[in-house]
Amino acid sequence: MIAELGHYFLVLALGLAVIQAIFPMIGAAQGSARMMMLGQPAAYGQFFFSLLAFLALTYSYLISDFSVAVIARNSHSLKPLLYKISGVWGNHEGSLLFWVMFLALFGAMVAYFGRGLPKSLRARVLSVQAMVGIGFYLFMLLTSNPFDRLADVPFEGNGLNPLLQDPGLVFHPPFLYLGYVGLSVVFSFAIAALIEGRVDPAWARWVRPWTLLAWVFLTIGIVLGSWWAYYELGWGGWWAWDPVENASFMPWLVATALLHSAIVVEKRDTLKSWTILLAIIAFSFSLLGTFIVRSGIITSVHAFATDPERGLYILVFLALVIGGSLLLFAIRSDKLQAGGLFAPISRESGLMINNLFLSVATAVVLYGTMHPLLSDAFFGVKSSVGAPFFNLVFSLLMIPLVVTMVYGPHLKWKRADIKGINQRLMAVTGIALLAGLMTFYATYGGAIMPAVWIGIGVWLLLSSLQELSNRIKLFQVPFKDSMSRLRRQPRSSWGMTLGHFGFAVGLLGIVGTSAWTIEAQKVMGLGEDMTIGDYRLTLKDVIPVAGPNYTAVRGIISVSPKNAEENGKSFMAYPETRTYVSSPITTTEGDVKTTMAGDLFVVIGESQGQGRWGIRAYYKPMQVWFWIGTTIVVLGGLISLSDRRYRIGTPQRQKASRKVKHAP
Amino acid sequence: MKFLLIPILFMTLVLNAGAIGVDKDRLQDPEQEARAQHLMKQLRCLVCQNQSIVESDAELAQDLRAIVREQISAGKTDPEIFKFMTTRYGDWVLLKPPFNSATVILWLGPIALLLVGGFLIFRTIRRKPEQDIARPLTAAEEKHLEKIIKGDNQ
Numbered sequence: 093m094i095a096e097l098g099h100y101f102l103v104l105a106l107g108l109a110v111i112q113a114i115f116p117m118i119g120a121a122q123g124s125a126r127m128m129m130l131g132q133p134a135a136y137g138q139f140f141f142s143l144l145a146f147l148a149l150t151y152s153y154l155i156s157d158f159s160v161a162v163i164a165r166n167s168h169s170l171k172p173l174l175y176k177i178s179g180v181w182g183n184h185e186g187s188l189l190f191w192v193m194f195l196a197l198f199g200a201m202v203a204y205f206g207r208g209l210p211k212s213l214r215a216r217v218l219s220v221q222a223m224v225g226i227g228f229y230l231f232m233l234l235t236s237n238p239f240d241r242l243a244d245v246p247f248e249g250n251g252l253n254p255l256l257q258d259p260g261l262v263f264h265p266p267f268l269y270l271g272y273v274g275l276s277v278v279f280s281f282a283i284a285a286l287i288e289g290r291v292d293p294a295w296a297r298w299v300r301p302w303t304l305l306a307w308v309f310l311t312i313g314i315v316l317g318s319w320w321a322y323y324e325l326g327w328g329g330w331w332a333w334d335p336v337e338n339a340s341f342m343p344w345l346v347a348t349a350l351l352h353s354a355i356v357v358e359k360r361d362t363l364k365s366w367t368i369l370l371a372i373i374a375f376s377f378s379l380l381g382t383f384i385v386r387s388g389i390i391t392s393v394h395a396f397a398t399d400p401e402r403g404l405y406i407l408v409f410l411a412l413v414i415g416g417s418l419l420l421f422a423i424r425s426d427k428l429q430a431g432g433l434f435a436p437i438s439r440e441s442g443l444m445i446n447n448l449f450l451s452v453a454t455a456v457v458l459y460g461t462m463h464p465l466l467s468d469a470f471f472g473v474k475s476s477v478g479a480p481f482f483n484l485v486f487s488l489l490m491i492p493l494v495v496t497m498v499y500g501p502h503l504k505w506k507r508a509d510i511k512g513i514n515q516r517l518m519a520v521t522g523i524a525l526l527a528g529l530m531t532f533y534a535t536y537g538g539a540i541m542p543a544v545w546i547g548i549g550v551w552l553l554l555s556s557l558q559e560l561s562n563r564i565k566l567f568q569v570p571f572k573d574s575m576s577r578l579r580r581q582p583r584s585s586w587g588m589t590l591g592h593f594g595f596a597v598g599l600l601g602i603v604g605t606s607a608w609t610i611e612a613q614k615v616m617g618l619g620e621d622m623t624i625g626d627y628r629l630t631l632k633d634v635i636p637v638a639g640p641n642y643t644a645v646r647g648i649i650s651v652s653p654k655n656a657e658e659n660g661k662s663f664m665a666y667p668e669t670r671t672y673v674s675s676p677i678t679t680t681e682g683d684v685k686t687t688m689a690g691d692l693f694v695v696i697g698e699s700q701g702q703g704r705w706g707i708r709a710y711y712k713p714m715q716v717w718f719w720i721g722t723t724i725v726v727l728g729g730l731i732s733l734s735d736r737r738y739r740i741g742t743p744q745r746q747k748a749s750r751k752v753k754h755a756p
Numbered sequence: 004m005k006f007l008l009i010p011i012l013f014m015t016l017v018l019n020a021g022a023i024g025v026d027k028d029r030l031q032d033p034e035q036e037a038r039a040q041h042l043m044k045q046l047r048c049l050v051c052q053n054q055s056i057v058e059s060d061a062e063l064a065q066d067l068r069a070i071v072r073e074q075i076s077a078g079k080t081d082p083e084i085f086k087f088m089t090t091r092y093g094d095w096v097l098l099k100p101p102f103n104s105a106t107v108i109l110w111l112g113p114i115a116l117l118l119v120g121g122f123l124i125f126r127t128i129r130r131k132p133e134q135d136i137a138r139p140l141t142a143a144e145e146k147h148l149e150k151i152i153k154g155d156n157q
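If you read the protein sequences in the order shown, they are chains P and H. Position in the first sequence counted from 1, then plus 92, gives you our numbering. Position in the second sequence counted from 1, then plus 3, gives you our numbering.
Hint data in this document are derived by calculation from the structure and do not stem from the laboratory. Heads up, some of the hints might be wrong.
Below, a list of computed lysine to aspartate or glutamate pairs in the DMTMM-like style, where the Cα atoms sit at most 20 Å apart [as the list claims (entries may be wrong)]: (1) H:27 - P:620; (2) H:44 - H:32; (3) H:99 - P:468; (4) P:504 - P:361; (5) H:44 - H:26; (6) P:654 - P:698; (7) H:153 - H:94; (8) H:27 - P:621; (9) P:474 - H:94; (10) P:506 - P:361; (11) P:654 - H:32; (12) H:27 - P:698; (13) H:79 - H:60; (14) H:44 - H:66; (15) H:27 - P:611; (16) H:44 - P:292; (17) P:654 - P:611; (18) H:27 - H:83; (19) P:427 - P:358; (20) P:654 - P:620; (21) P:427 - P:292; (22) H:79 - H:28; (23) P:654 - P:683; (24) H:44 - H:34.
Among the chain P residues that face chain H by a calculated CB cut under 10 Å, a handful are [to be verified]: (25) 325; (26) 332; (27) 335; (28) 445; (29) 471; (30) 476; (31) 478; (32) 484; (33) 489; (34) 491; (35) 610; (36) 611; (37) 700; (38) 706.
Keep in mind that this is a model prediction, so the values were computed, not measured. All C-beta atoms in this analysis are idealised placements derived from N, C-alpha and C, irrespective of residue type, glycine included.
Start from the sequences, fold in the hints, and give me the full structure.
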């Protein structure tokens with residue numbers, strides 16, 4: 093009964109989406125306020141019913157209603173509660189429902205918070221948002237209904253892939269989805285602006301927070317996925333340039349570019365059509381990420397053949413959304429007049445160069461991901477493009493980008509003085525050079541690039557601090573004045589400082605862990621030991637462990653300094669290999685000991701007979717810097733998002749500024 | 004129905020995780036073993052999805068690892084080992100494809116894009132001043148200006 097209700101709510105939401113798509117658009121064209129007004133209630137209603145549908149599916153999961161096909165396929169009555177809930181979006185049908193529910197929520201938020209927008213713009217944004225929604229509702233109802241029932245109800249469900257039963261993966265997909273869906277709002281604003289033929293700083297001010305929100309979600313989603321891969325897969329890797337990872341990385345790259353180009357639109361009223369184009373591309377990649385990855389087309393074209401109905405729908409939908417919006421862009425973008433003037437050396441130029449490198453990076457990921465497919469199709473040559481290619485090209489492409497990041501924030505709008513900046517950065521540059529040289533010396537005989545990258549990372553790290561200290565005039569005015577300047581810094585500029593600083597920290601982590609990871613493995617009996625880096629691992633015992641829905645083998649390994657005479661604490665590591673009840677898959681739960689210097693990662697493999705076990709260990713220098721860095725980046729994004737400037741010009745202003753005052 | 008079995012979440016396509024094996028035939032010389040690891044990271048596990056042979060426990064990956072180690076201990080150079088692999092399996096085995104007619108776009112595309120993009124930026128920066136500053140007033144603007152100067156701009 094609940095499932096039927098959910099199905100019914102879904103149809104109702106579709107109906108309201110149709111109303112929301114048609115009437116506000118016509119109203120905006122004819123100047124009819126009454127028709128435009130229909131947008132808000134329709135948006136609220138659409139969200140209400142899609143939420144109810146989502147809750148209906150969640151409820152069915154919680155009570156393990158295996159008469160619902162999706163649940164029988166993906167759930168299991170013994171599954172812990174957390175994974176029953178995450179199971180709702182952990183499959184094709186449920187994830188679509190999750191997607192469209194947030195699409196409707198964001199639409200309702202535009203309707204609610206957008207009261208300060210020009211009426212026609214808001215009406216058009218809501219309409220576009222609903223059009224995208226219709227595509228999703230129809231896709232679900234026609235080909236992927238999450239509420240489909242089974243005629244023969246199974247006694248027990250198939251269970252969720254045990255690899256996915258991990259907290260990191262509970263939140264990884266929803267954050268990615270929130271990022272994708274967040275970009276839909278930016279897309280709707282871009283299309284609405286194209287229809288209106290008008291983009292101005294006020295438009296950019298509206299779009300910026302949505303871009304930022306989507307970007308923060310995407311960042312969190314991607315990092316959680318990496319974190320999960322790092323802990324769960326047992327290879328100590330966290331980024332493999334796999335097509336599915338790339339599919340989430342591309343919208344992130346474009347959203348990062350968009351975030352920066354929207355600043356130019358907001359502050360200087362220029363770079364408009366480029367920003368609109370980025371908004372369209374960012375959302376196109378979101379759709380690709382949502383559909384194409386799930387359909388498996390990137391790994392094999394044949395995935396389409398197995399379910400032609402879905403495949404065809406996806407292709408038509410993508411062609412309509414992406415092709416249609418690009419066509420609209422081609423027709424209308426010349427209406428967008430460029431504004432302010434600027435000199436070759438200026439903040440504007442810096443941001444354009446940033447956009448250039450981010451765009452080329454996106455193109456590299458896109459083409460690299462597609463190349464095997466195209467090469468097979470056009471040349472009949474089977475070809476692989478993997479981590480070695482991407483690492484090489486990216487490490488070259490990122491150098492000029494990071495240099496731009498060093499200079500960019502110091503550049504003034506319109507016209508900047510590069511000599512003055514160089515002078516101010518002299519000390520910072522010196523320290524960075526020294527850091528690079530020292531790294532080169534310490535790793536003499538090894539590769540040169542890591543030393544270069546350490547130098548560049550340190551340069552960026554220090555220059556972002558230097559930029560902050562310039563802004564608060566540290567050591568130029570009395571310290572107390574500097575501190576009060578520090579407190580008065582707008583939150584959006586904190587966002588930039590933290591974003592760049594965190595990026596630098598994460599970058600250093602990437603360099604350390606990818607350049608200097610060491611690995612050791614050995615088949616060990618009880619009491620035997622092996623060494624890795626400065627550590628000695630001794631296998632003390634191996635014991636069986638029972639979990640809620642798995643059994644495990646746990647290694648008890650003592651870790652001590654390699655040389656017994658060296659002082660240093662010993663500690664224990666407890667890696668596990670789990671075998672799940674509901675499926676034959678085993679998972680590895682590596683034990684990771686983290687320090688700022690590096691992670692010691694210990695994994696226990698299968699029994700080799702005669703009481704001997706395969707043990708594998710990695711030492712990953714500075715791995716934790718990556719997690720810390722990305723956390724700082726996300727914090728920067730959130731702080732920037734709370735900037736009151738984004739609320740100015742809306743009826744919310746009064747309330748908002750009062751709230752800021754009361755905040756501690 | 005196979006469509007439905009396609010791995011459930013984004014990253015699952017990568018996975019072939021399972022019990023983790025241990026290579027028993029590792030090279031004694033740590034420098035040689037490091038070289039072996041470096042080579043193995045660039046060779047594709049042909050039966051896996053986008054994994055190098057270092058990251059897979061598939062039988063084929065184990066065999067290929069053994070071959071790499073064998074050849075290193077036999078004193079073969081890196082290019083010789085890659086050559087051996089590509090004659091057996093084709094370029095498909097290389098995770099970093101070689102530069103040839105089929106990979107021109109892959110390798111030169113980024114450079115071409117940088118040039119085109121750089122040119123567009125250059126043009127944007129150069130073009131503007133002439134266009135915006137030197138534009139003469141239109142007739143209507145002249146009139147309007149005249150009015151303002153005369154002081155009756157209502």
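Each hint, compared with the structure:
1. H:27 - P:620: 15 Å, holds
2. H:44 - H:32: Within the cut-off at roughly 19 Å; holds.
3. H:99 - P:468: 16 Å, holds
4. P:504 - P:361: 16 Å, holds
5. H:44 - H:26: 15 Å, holds
6. P:654 - P:698: 25 Å, violated
7. H:153 - H:94: This hinted pair is violated, its Cα atoms lying about 79 Å apart.
8. H:27 - P:621: Given pair residue 27 of chain H, residue 621 of chain P holds - Cα atoms ~15 Å apart, limit 20 Å.
9. P:474 - H:94: Holds, at roughly 7 Å.
10. P:506 - P:361: Cα-Cα ~12 Å, so holds.
11. P:654 - H:32: The hint holds at about 19 Å.
12. H:27 - P:698: Distance of about 13 Å is within 20 Å: holds.
13. H:79 - H:60: 25 Å, violated
14. H:44 - H:66: 14 Å, holds
15. H:27 - P:611: 14 Å, holds
16. H:44 - P:292: Violated, because 50 Å separates the two Cα atoms, which is more than 20 Å.
17. P:654 - P:611: Since the Cα atoms of residue 654 of chain P and residue 611 of chain P sit roughly 15 Å apart, the hinted pair holds (cutoff 20 Å).
18. H:27 - H:83: 24 Å, violated
19. P:427 - P:358: 18 Å, holds
20. P:654 - P:620: Measuring from Cα to Cα gives roughly 14 Å; hence the hint holds.
21. P:427 - P:292: Distance of about 12 Å is within 20 Å: holds.
22. H:79 - H:28: It holds: about 17 Å lies between the C-alpha atoms, which stays within 20 Å.
23. P:654 - P:683: This hinted pair holds, its Cα atoms lying about 19 Å apart.
24. H:44 - H:34: Holds: residue 44 of chain H and residue 34 of chain H sit about 16 Å apart, inside 20 Å.
25. 325: 5 Å, holds
26. 332: Since the shortest Cβ distance to chain H is 6 Å, the answer is holds.
27. 335: 7 Å, holds
28. 445: 7 Å, holds
29. 471: It holds, given that the least Cβ distance between residue 471 of chain P and chain H is near 5 Å, below 10 Å.
30. 476: 5 Å, holds
31. 478: Cβ of residue 478 of chain P sits 3 Å from chain H, so the hint holds.
32. 484: Since chain H brings a Cβ to about 7 Å from residue 484 of chain P, closer than 10 Å, the hint holds.
33. 489: Hint on residue 489 of chain P: holds, closest Cβ of chain H at ~7 Å, below 10 Å.
34. 491: 12 Å, violated
35. 610: With Cβ-Cβ at 8 Å, under 10 Å, it holds.
36. 611: 7 Å, holds
37. 700: With Cβ-Cβ at 7 Å, under 10 Å, it holds.
38. 706: 3 Å, holds
Violated hints, in rising order: 6, 7, 13, 16, 18 and 34; the structure is consistent with all others.
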